[in-house]
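Once you have looked at the hints, place chain A on chain P.
Chains as they are written, first to last, in our numbering: chain P, 92 to 594; chain A, 92 to 594.
Hints listed in this document are in silico derivations from the structure and should not be mistaken for laboratory results.
Where a beta carbon is used, it is the ideal one built from N, C-alpha and C, also for glycine.
Hints are supplied without guarantee of correctness; some may be wrong.
[To be verified] Here are a few chain P residues that face chain A, going by a calculated C-beta distance under 7 Å: (1) G106; (2) T109; (3) V150; (4) T152; (5) G199; (6) D203; (7) A205; (8) D221; (9) I222; (10) T229; (11) L355.
There are 2 protein chains.
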Amino acid sequence: MTEHAHTRLRVVRAGIDTYQQPVVYMHRDCPVCRSEGFAALTRVQMRVGTREVIATLNVVTGDHLAVDEVALSDAAWQAVTPEAGAYATFQHPEPAASAGALRAKVFGARLDDADCLALMRDTAANRLSDIELAAFVTACAGERLDHGETIALTRAMVAVGERLDWGGGPVLDKHCVGGLPGNRTTPIVVAIIAALGHRIPKTSSRAITSPAGTADTMEVMAPVALDLAAMRRVVEREGGCIVWGGNVRLSPADDVLIRVERPLDFDSDGQLVASVLSKKVAAGASQVLIDMPVGPTAKVRSDAAAQALAARLTVTGSAMGLNLAVLHTDGRQPVGMGIGPALEARDVLAVLRGAPGAPADLRTRALAVAGALLELAPGTPPGQGPALATQALDSGRAWAKFLAICEAQGGFSEPGEAPFQAPVVAPRAGRIAAIDNRRLAKVAKLAGAPGAALAGVVCTLRIGDPVVAGQPLYTVHAQSPGERDYALAYAQTHTDILSLETP
Amino acid sequence: MTEHAHTRLRVVRAGIDTYQQPVVYMHRDCPVCRSEGFAALTRVQMRVGTREVIATLNVVTGDHLAVDEVALSDAAWQAVTPEAGAYATFQHPEPAASAGALRAKVFGARLDDADCLALMRDTAANRLSDIELAAFVTACAGERLDHGETIALTRAMVAVGERLDWGGGPVLDKHCVGGLPGNRTTPIVVAIIAALGHRIPKTSSRAITSPAGTADTMEVMAPVALDLAAMRRVVEREGGCIVWGGNVRLSPADDVLIRVERPLDFDSDGQLVASVLSKKVAAGASQVLIDMPVGPTAKVRSDAAAQALAARLTVTGSAMGLNLAVLHTDGRQPVGMGIGPALEARDVLAVLRGAPGAPADLRTRALAVAGALLELAPGTPPGQGPALATQALDSGRAWAKFLAICEAQGGFSEPGEAPFQAPVVAPRAGRIAAIDNRRLAKVAKLAGAPGAALAGVVCTLRIGDPVVAGQPLYTVHAQSPGERDYALAYAQTHTDILSLETP
Chain P
92 MTEHAHTRLR VVRAGIDTYQ QPVVYMHRDC PVCRSEGFAA LTRVQMRVGT
142 REVIATLNVV TGDHLAVDEV ALSDAAWQAV TPEAGAYATF QHPEPAASAG
192 ALRAKVFGAR LDDADCLALM RDTAANRLSD IELAAFVTAC AGERLDHGET
242 IALTRAMVAV GERLDWGGGP VLDKHCVGGL PGNRTTPIVV AIIAALGHRI
292 PKTSSRAITS PAGTADTMEV MAPVALDLAA MRRVVEREGG CIVWGGNVRL
342 SPADDVLIRV ERPLDFDSDG QLVASVLSKK VAAGASQVLI DMPVGPTAKV
392 RSDAAAQALA ARLTVTGSAM GLNLAVLHTD GRQPVGMGIG PALEARDVLA
442 VLRGAPGAPA DLRTRALAVA GALLELAPGT PPGQGPALAT QALDSGRAWA
492 KFLAICEAQG GFSEPGEAPF QAPVVAPRAG RIAAIDNRRL AKVAKLAGAP
542 GAALAGVVCT LRIGDPVVAG QPLYTVHAQS PGERDYALAY AQTHTDILSL
592 ETP
Chain A
92 MTEHAHTRLR VVRAGIDTYQ QPVVYMHRDC PVCRSEGFAA LTRVQMRVGT
142 REVIATLNVV TGDHLAVDEV ALSDAAWQAV TPEAGAYATF QHPEPAASAG
192 ALRAKVFGAR LDDADCLALM RDTAANRLSD IELAAFVTAC AGERLDHGET
242 IALTRAMVAV GERLDWGGGP VLDKHCVGGL PGNRTTPIVV AIIAALGHRI
292 PKTSSRAITS PAGTADTMEV MAPVALDLAA MRRVVEREGG CIVWGGNVRL
342 SPADDVLIRV ERPLDFDSDG QLVASVLSKK VAAGASQVLI DMPVGPTAKV
392 RSDAAAQALA ARLTVTGSAM GLNLAVLHTD GRQPVGMGIG PALEARDVLA
442 VLRGAPGAPA DLRTRALAVA GALLELAPGT PPGQGPALAT QALDSGRAWA
492 KFLAICEAQG GFSEPGEAPF QAPVVAPRAG RIAAIDNRRL AKVAKLAGAP
542 GAALAGVVCT LRIGDPVVAG QPLYTVHAQS PGERDYALAY AQTHTDILSL
592 ETP
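The following block holds chain P by itself, in its conformation from the complex (with noise of 0.2 Å):
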């Protein structure tokens, strides 16, 4: 297509956060709008020097906008790191290259390996808008992705990012499936791994849906976003490292794709493993375990999803050339006293501290991860990963190796405490029958996390328990009154979040 150098426009920051998605503010009457036919929604390729970036286009209608200016939101401002003074040309995009993979996915068509491509670059280049990839993740949920597909879209989104290269000789990763509230083994199976002398260069990701992502927690207690070369250093250094996967750009395609996950709150085994299975190609892992928590509101409710989650995981990840592990785990409840990031934070310590009253779930499953995971790297005696695991941990070098990993990534930081806490009581006596994950998670998200570091539930008690009418069941954590308030009136309308039976 032409480009018309008559209709450039001069820059100027809008100061809009629009989270990710790239927006410029082109006034009604400006040159661009009326003479390329531009008008509110529309996606328009804008490029400033030798950058560019497919940005959605609101008019502006009121006069704080000069005729020639165009206002870039921030993630706009950031693709093109505009210099002072510079201006920027506009055209109508290209159709996006994947747009008939998109449209014949979504009309029950199967992907091959260059519709997955197509679509991957697309994603990962921000060349899809919000609106198509939402219909690409619809068009993927539930089963409707194959095994075969499956595969060519774990290489179509490691093929988009950054492959991490470790020299050669194993490197060890984990992953927890997740729907799990306060399941933060990663920190102490890392902690375990690197002092045992093994590579384990962990990227973890924010919250998608959850009160608390791994990067969130660690965050708490460490810096997290590291770029490659840092990243790089601390593992050289240390072994391991607990990261934010973000600014390594490893999957990128699938950052963007969590972008509409997250509001839309589902996806499917599909693009689940994919998702996993592609960070862990791009970080170069070899040996991988994954922890698949099952229970009636984990992310996995019964054992014939999991199996069908644990065969998709097998089949890709020895497509990808892994030596991959599912190690399916108890998810009717949730792991650990803490939710929320400083929470978890406090847990994970805890155990690694071998401090009095540190959870024993956490214990028992980061031991049953760090166990298994071992096994699967050469040298590991037949039988022997939960031996050596359980040594590392009580020996305190887990615990040393921790801290040096904190101190190689910027520095420890012990987390602190929320300042508003009230407690939900038990309406009447009982016995713990069932704890409702989701809703419990729902109302640490309501109390501010993972936004509020501080913020979520602490709950100490587990199925089987006895409660007497009165007694906290769990306790609310926020750092505003409005938040707290929030999450105690949703527990309020929600009674049976921890549902008691007449013992």
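Just chain A now, kept in the frame of chain P:
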């Protein structure tokens, strides 16, 4: 949920057109953002006086908004219509009542009446985000809505909007499934039907993915943005009208869905039927004729697809109490000479006036549709519909009625002509073998249609016509040189829009 009086903000106008999507802008340091834990792209429920709207939050990081202010996009402003100096309060929106139904449909469950009602109620009230709407449209794409769901969705769309009551007696209506550029029979059919003394209160849409909707074309000749009272006056006086449906709130949920269907450029049989028939039922129609063009580049591409869609229309129409017939028509090539609002209006006027050189195909099709519709009406002798229609047109009664309807709607205008016109010529001699409706429509859209009312394409050639090298195949009409050049650039890279065979 509790509302927090201390978090009220002074309402100002942002002066930003975000299309129909309500957006509110708050400063990063404003008390609502801080105390309520709102972050960029959060959905917030805003109340101003007694009016409420759910809007997307954009966070202002610059200094052009005070911390105690909230700026409203045009759509948000219209939703709450604040008085001078008004204050707004905010809360987290309740999860949409239809969230569970949406999720279930995405994962393959069947929608029942209650699901559809919840979904359409939330859709009409703008309680679903564009991302959620895109997920819904995708989850219903292709064959994913069965007949029962289609009926339930149609009923729900009718239930959440206005429903016109014409006081008994037959009310005629027609609809074209579309995909055939230039097939602008509606103004002619309405004029014929009304001239014969029947009632035909026609509401039409603007273009969704085409270069012109009937409302766009009609607007070139007369005002169409009438409210319900004005529409009623026109119909009471003249028996018929041709107005834009957007101001009369018939099936408002459908109007919202179109917001995401337009950029996605796909819909489904089920949604198409629900969309079309909900509008007909809401408009009070009792006799409905569906014009269904079938051709390789029309919306309906094969006889099998036509049969399936016709069956769905008939079953749903019957369930909704309509006397409905489907007319399968030739959809292999455009109708008339013009594609684009004003160019199609000129064809319509030529047929109504009986002008020499009026497009014969448009005349023939309009008479076929009007004839078939008349046969549905009580009192028409069987087989006499086409003859009655032809008499009304050839006698000049239809033209007189059309002018009277235009006057009643606010006054007739003669269409203008585009200032920039350029031919696309045949690269070689040959005979027209096929015409790609979609790509020809795309040229018209790149030329500016329907936003630029005079823009589009004029094409007088038809399948079978011989051409010589260098002869114009079609002519691009544009209101700006930029748009003309876009259209020509596309035409030059797609030389088979009119494909030639060696004679």
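Right, here's what the structure says about each hint:
1. G106: 2 Å, holds
2. T109: Interface hint status for P/T109: holds (5 Å vs cutoff 7 Å).
3. V150: 4 Å, holds
4. T152: At 5 Å from the nearest chain A Cβ, P/T152 passes the 7 Å test, so the hint holds.
5. G199: At 5 Å from the nearest chain A Cβ, P/G199 passes the 7 Å test, so the hint holds.
6. D203: 19 Å, violated
7. A205: P/A205 check fails; min Cβ-Cβ to chain A is 21 Å, beyond 7 Å.
8. D221: Holds, about 6 Å.
9. I222: 4 Å, holds
10. T229: 4 Å, holds
11. L355: Interface hint status for P/L355: holds (6 Å vs cutoff 7 Å).
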